[in-house]
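For the record, the sequence lines run as chains A and B. Under our numbering, the first residue of the first sequence carries the number 1, and numbering increases by one thereafter. Under our numbering, the first residue of the second sequence carries the number 1, and numbering increases by one thereafter.
Just so you know, not all the hints are guaranteed correct.
Claimed, not checked - SDA-like cross-link-like pairs, simulated, lysine to any residue; straight-line CA separation at most 25 Å:
#: 1; chain 1: B; residue 1: K84; chain 2: A; residue 2: R104
#: 2; chain 1: A; residue 1: K84; chain 2: B; residue 2: R104
#: 3; chain 1: A; residue 1: K84; chain 2: B; residue 2: Q94
#: 4; chain 1: B; residue 1: K145; chain 2: B; residue 2: N241
#: 5; chain 1: A; residue 1: K145; chain 2: B; residue 2: R95
#: 6; chain 1: A; residue 1: K84; chain 2: B; residue 2: R15
#: 7; chain 1: B; residue 1: K84; chain 2: A; residue 2: H146
#: 8; chain 1: A; residue 1: K145; chain 2: B; residue 2: G96
#: 9; chain 1: A; residue 1: K84; chain 2: A; residue 2: A119
#: 10; chain 1: A; residue 1: K145; chain 2: A; residue 2: I273
#: 11; chain 1: A; residue 1: K145; chain 2: A; residue 2: E44
#: 12; chain 1: A; residue 1: K145; chain 2: A; residue 2: G38
#: 13; chain 1: B; residue 1: K84; chain 2: B; residue 2: H37
#: 14; chain 1: A; residue 1: K145; chain 2: B; residue 2: K145
#: 15; chain 1: B; residue 1: K145; chain 2: B; residue 2: E157
#: 16; chain 1: A; residue 1: K145; chain 2: B; residue 2: Q94
#: 17; chain 1: A; residue 1: K145; chain 2: B; residue 2: S100
#: 18; chain 1: A; residue 1: K145; chain 2: A; residue 2: V225
#: 19; chain 1: A; residue 1: K145; chain 2: B; residue 2: L19
As the list claims (entries may be wrong) - Restraint ranges, calculated between C-beta atoms of paired labels, are given here:
#: 20; chain 1: B; residue 1: E223; chain 2: A; residue 2: G268; range: 55 to 65 Å
#: 21; chain 1: A; residue 1: G10; chain 2: B; residue 2: T13; range: 20 to 30 Å
#: 22; chain 1: B; residue 1: V39; chain 2: A; residue 2: R58; range: 36 to 46 Å
#: 23; chain 1: B; residue 1: G38; chain 2: A; residue 2: R104; range: 27 to 37 Å
Read the hints as simulated data drawn from the structure, not as lab findings. Cβ atoms here follow ideal geometry from the backbone N, Cα and C, with glycine treated the same way.
Protein chains: 2
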Amino acid sequence: MSAEDARVDGIATDRVSVLERGLHYGDGLFETIACPHGVPRFLELHVARLREGCERLRIETPAAAALAREVHALLTPGVRAVVKLLVTRGVAQQRGYAASAGARPSRIALRYAWPVPAAAAAREGVRVRLATLRLGENPLLAGLKHLNRLEQVLAREEWHDPDIAEALLFSSSGRLISGTMSNVFLVRDGRLVTPRMDLCGVAGIMRRVVLQEAPACGIIASEEVLRLEDLQGAQEVFLTNALTGIRPVRDLAGMMRSPGPLTQRLQGQLAPILHD
Amino acid sequence: MSAEDARVDGIATDRVSVLERGLHYGDGLFETIACPHGVPRFLELHVARLREGCERLRIETPAAAALAREVHALLTPGVRAVVKLLVTRGVAQQRGYAASAGARPSRIALRYAWPVPAAAAAREGVRVRLATLRLGENPLLAGLKHLNRLEQVLAREEWHDPDIAEALLFSSSGRLISGTMSNVFLVRDGRLVTPRMDLCGVAGIMRRVVLQEAPACGIIASEEVLRLEDLQGAQEVFLTNALTGIRPVRDLAGMMRSPGPLTQRLQGQLAPILHD
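Here chain A stands alone, though its shape is the one from the complex (with noise of 0.2 Å):
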């Protein structure tokens, strides 16, 4: 599961420079791309949201083409795999914190193997608990895909049971936001909600791709100020990735739940995107 390749603005390499910003200060960004068949998915929605993320972050903004090379030159046709790229405010020229006047952002790619299929998981559901620490509240972050992902770490280490497939976090003010590496998708009389991603949280896109694709199927759709109480009252509940598409929760923190009909409804409209 580690990486097989790498390439960092545009060199084939697994080094980067020791004065990278994205390794002082997390200062950068991040897609993690499936690529079934050796085919990005939803390439054009990575590249748009990493190049959303240096505007957001005013790093200087690769040109799409050259990310969407950088994710190409690593995929042999046929063969699938997960490209994880990275676009830092790059090598530092002095010390400290001030960006220097002309850097020049670093494009990093790596290919990692495809992972272990779990069709299950997204019939049947995964067990899901709730995270003791509360992720901090910053508008100016919020919903970016940044490099600063220390609450994550830090949450997935709260449990090493690997029948759990996921933690969900809440703020610092009690509002639910997401899992660890996922959103979370709520029924609620009738409707799907799921957590605005104005105060902390990234703004996935499966998450984007259900909001857009929900309508289709009949079923109103909208990003809601959420709590304890509304996931605890919801009627369905799932999680979405890039990686694992739709899974329903079948075991919420004890609670259990069957799959049901939106969200398999969903999962039926996003089958033939999603077939791998």
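Got chain A; can you put chain B on it based on the hints?
Structure of chain B alone, referenced to chain A:
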């Protein structure tokens, strides 16, 4: 001002693995150590804080001697320098936030030129602004000098006027916390107070030294919950930083003040320790 020399895990190199968890997640900690005359100042305090940080993040804690060795190996007796020392959870063995069992931490050390001396700033004081960005609050990360520093990068991007030395930051719930690269002390009713580091912020080495040394010059000092009105009403305001020592604030977002008697008494007390 860029790094002059670097070592990774005891080997002279300017490269790190593209799989560094420090790069992917900011999963580590750092120290910035002043080395006047080529001798690291407060080395034991820096090493102790780094090891405490590893324990809090459950990173395998490197031996103190191994950390001190990385610093000394970059120094030449008599030649002043700044050494930055990072410890990360190591090189990832797999994709994802979960740490591998038996992961070995990385030790990354860099030497930089000594900063341009600015004795006038210590004597006459510095100009300081108030940051717009508010720091997220997470008690699990509070006080640590960890590698998730995007908030500091963005706060430092808020101004480009070289006459402004620092910005003071508040947290999402409105607490006064620190500068982007310094701690802050206020004099209130003749006593010294500094923000508690229990929700966010870095508990700096110079902050600790000031808290320790204050009683020796007859000053009562404590850590408190402080807000904007405490800052505005303070009789004296100064900043601390391991490289620059104590700097009075002479211009606090347009409010002019002179270096105060307690600030100067503490500068006098610390002068023998900080002499470079």
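These are the hints, each one checked on the structure:
no.: 1; hint: B/K84 to A/R104; result: 23 Å, holds
no.: 2; hint: A/K84 to B/R104; result: 23 Å, holds
no.: 3; hint: A/K84 to B/Q94; result: 12 Å, holds
no.: 4; hint: B/K145 to B/N241; result: 13 Å, holds
no.: 5; hint: A/K145 to B/R95; result: 16 Å, holds
no.: 6; hint: A/K84 to B/R15; result: 20 Å, holds
no.: 7; hint: B/K84 to A/H146; result: 23 Å, holds
no.: 8; hint: A/K145 to B/G96; result: 14 Å, holds
no.: 9; hint: A/K84 to A/A119; result: 22 Å, holds
no.: 10; hint: A/K145 to A/I273; result: 23 Å, holds
no.: 11; hint: A/K145 to A/E44; result: 16 Å, holds
no.: 12; hint: A/K145 to A/G38; result: 23 Å, holds
no.: 13; hint: B/K84 to B/H37; result: 16 Å, holds
no.: 14; hint: A/K145 to B/K145; result: 22 Å, holds
no.: 15; hint: B/K145 to B/E157; result: 20 Å, holds
no.: 16; hint: A/K145 to B/Q94; result: 19 Å, holds
no.: 17; hint: A/K145 to B/S100; result: 22 Å, holds
no.: 18; hint: A/K145 to A/V225; result: 20 Å, holds
no.: 19; hint: A/K145 to B/L19; result: 18 Å, holds
no.: 20; hint: B/E223 to A/G268: 55 to 65 Å; result: 57 Å, holds
no.: 21; hint: A/G10 to B/T13: 20 to 30 Å; result: 22 Å, holds
no.: 22; hint: B/V39 to A/R58: 36 to 46 Å; result: 39 Å, holds
no.: 23; hint: B/G38 to A/R104: 27 to 37 Å; result: 33 Å, holds
Every hint, counting from the list given before, is met by this structure.
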